Amino acid sequence: VARRYLFRRNRRGGVEVSLEPAEADVIAQIGRELSALLSPGAELGGAGDPVLERLFPRAYLDPTEEEAEADWQRLVHDDLVDGRRAALETVERTLAEARLHRGRLEMTLTADQAEAWLAVLNDARLALGTRLEVTEDLDLAGLDPGDPDTAPYAVYWWLGLLQEHLVETLAGS
Amino acid sequence: MTPTTAPDKVDQPDIDEVVDPARPWVVIVWNDPINLMSYVVYVFQKLFGYSRQKATKLMLDVHHKGKAVVSSGNREQAEVDVSRLHAHGLWATMQRD
Numbered sequence: 030v031a032r033r034y035l036f037r038r039n040r041r042g043g044v045e046v047s048l049e050p051a052e053a054d055v056i057a058q059i060g061r062e063l064s065a066l067l068s069p070g071a072e073l074g075g076a077g078d079p080v081l082e083r084l085f086p087r088a089y090l091d092p093t094e095e096e097a098e099a100d101w102q103r104l105v106h107d108d109l110v111d112g113r114r115a116a117l118e119t120v121e122r123t124l125a126e127a128r129l130h131r132g133r134l135e136m137t138l139t140a141d142q143a144e145a146w147l148a149v150l151n152d153a154r155l156a157l158g159t160r161l162e163v164t165e166d167l168d169l170a171g172l173d174p175g176d177p178d179t180a181p182y183a184v185y186w187w188l189g190l191l192q193e194h195l196v197e198t199l200a201g202s
Numbered sequence: 149m150t151p152t153t154a155p156d157k158v159d160q161p162d163i164d165e166v167v168d169p170a171r172p173w174v175v176i177v178w179n180d181p182i183n184l185m186s187y188v189v190y191v192f193q194k195l196f197g198y199s200r201q202k203a204t205k206l207m208l209d210v211h212h213k214g215k216a217v218v219s220s221g222n223r224e225q226a227e228v229d230v231s232r233l234h235a236h237g238l239w240a241t242m243q244r245d
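Chains as they are written, first to last, in this note's numbering: chain A, 30 to 202; chain B, 149 to 245.
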């Protein structure tokens, strides 16, 4: 019997992924929400929306550097948005091409595609964690599983588990 | 071999630097409750080529002290590093040292 895995290295420097279909659905759904957030029209500098402010922070804290900040934003903001959208498209595409094997969805990612997955998992946690206003003291064990409000926290916790696995896989530890 | 012009410049005094010393800029990563410790170490190693030990020490500084200087250089270099860190979801800013 093959040992279950979420992510594991292959010999070509890529990563094998194995998810339950329901897990893949959650990732796909989160990817769609992030894509909508990053659709054209997402505000420069992300002023106003705490999630966009978190994904696209200022470079300069010093208020006397407002001009440099604006120049820097003009220079990099579109590239930062494009990079995130490209990663989302990679995740979407690899999920769509996944093969069903014994009840699990399996994918083979190149090293670059695995980096895209890592970026999307992190962005998803940044977005969800910011919305939920999580703190370092967040105690998931103290949440009532019967409370429907806890569902997003469960997703947040699970994304962290997934990301931790992927980091360990990529770091080769 | 193509000669480089760089060594010649070393002996020439840089007037601009004397009048207005190009103060180095530092790139700071701030603590946040979302980014995973393992991920932050991974990003420091990937972006800056730091050893696992150095990347871990920087991550722990961020975690325990609230922030850490992760790189320094001129303004342009710092801006590049900040944007790379932002692309990886880390909360980074830059300021004069």
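Worth double-checking, as some hints may not be accurate.
Said to hold, decoys possible - Partial chain A-side listing against chain B, Cβ under 8 Å, derived: (1) Leu35; (2) Arg38; (3) Phe85; (4) Arg87; (5) Ala88; (6) Tyr89; (7) Pro92; (8) Thr93; (9) Trp101; (10) Ala148; (11) Val163; (12) Leu169; (13) Leu172; (14) Glu193.
What the hints assert, rightly or not - Quick partial rundown of chain B residues pointing at chain A, CB under 7 Å, derived from the structure: (15) Pro181; (16) Tyr187; (17) Tyr190; (18) Gly197; (19) Leu208; (20) Asp209; (21) Ser231.
To be clear, the hints were calculated from the coordinates, so they are not data collected in a lab.
Note that this is a predicted model, so its numbers are computed, not measured.
Don't be surprised by glycine CBs; every beta carbon is placed ideally from N, CA and C.
Right, here's what the structure says about each hint:
Checking Leu35(A) against chain B by beta carbon gives a least distance of about 15 Å; that is not within 8 Å, so the hint is violated. Taking 8 Å as the C-beta contact cut-off toward chain B, the hint placing Arg38(A) at the interface is violated, the least distance being around 14 Å. Annotation: interface hint on Phe85(A) holds; nearest CB of chain B at approximately 7 Å, less than 8 Å. The closest approach between the C-beta of Arg87(A) and any C-beta of chain B is roughly 7 Å, which is under the 8 Å cut-off, so the hint is satisfied.
With its C-beta approaching chain B no nearer than about 5 Å, Ala88(A) sits inside the 8 Å limit, and its interface hint holds. Proximity of Tyr89(A) to chain B holds as hinted, the smallest CB-CB distance being about 6 Å (cut-off 8 Å). A hinted interface residue such as Pro92(A) counts as satisfied when its beta carbon comes closer than 8 Å to some beta carbon of chain B; here the least separation is about 12 Å, so the hint is violated. Annotation: Thr93(A) was flagged as interfacial toward chain B, and the flag is violated, the nearest CB pair being 11 Å apart, outside 8 Å.
Look at Trp101(A): its Cβ gets to within about 5 Å of chain B, closer than 8 Å, so that hint holds up. Taking 8 Å as the C-beta cut-off, the interface hint given for Ala148(A) holds, the closest approach to chain B being about 7 Å. The criterion of a C-beta within 8 Å of any C-beta in chain B is met by Val163(A), whose closest approach is roughly 6 Å, and the hint holds. Because the closest C-beta pair between Leu169(A) and chain B is about 13 Å apart, greater than 8 Å, the hint is violated.
Nearest Cβ of chain B to the Cβ of Leu172(A): about 16 Å, over the 8 Å cut. The hint is violated. Hint status for Glu193(A): holds, given a least beta-carbon distance of 6 Å to chain B, under 8 Å. A cut of 7 Å between beta carbons decides the hint on Pro181(B): the least distance to chain A is about 4 Å, and the hint holds. Taken as an interface hint, Tyr187(B) checks out: its beta carbon lies about 5 Å from the nearest beta carbon of chain A, inside 7 Å.
A least Cβ separation of about 5 Å between Tyr190(B) and chain A falls short of the 7 Å threshold, and the interface hint therefore holds. Interface hint at Gly197(B): violated, since its Cβ lies 14 Å from the closest Cβ of chain A, which is beyond the 7 Å cut-off. Interface restraint check: Leu208(B) against chain A, minimum CB-CB distance 14 Å, threshold 7 Å, status violated. Given the 7 Å rule on beta carbons, the hint for Asp209(B) is violated: about 15 Å separates it from the nearest Cβ of chain A.
Interface restraint check for Ser231(B): the shortest CB-CB distance to chain A comes to about 4 Å, inside 7 Å, so the restraint holds.
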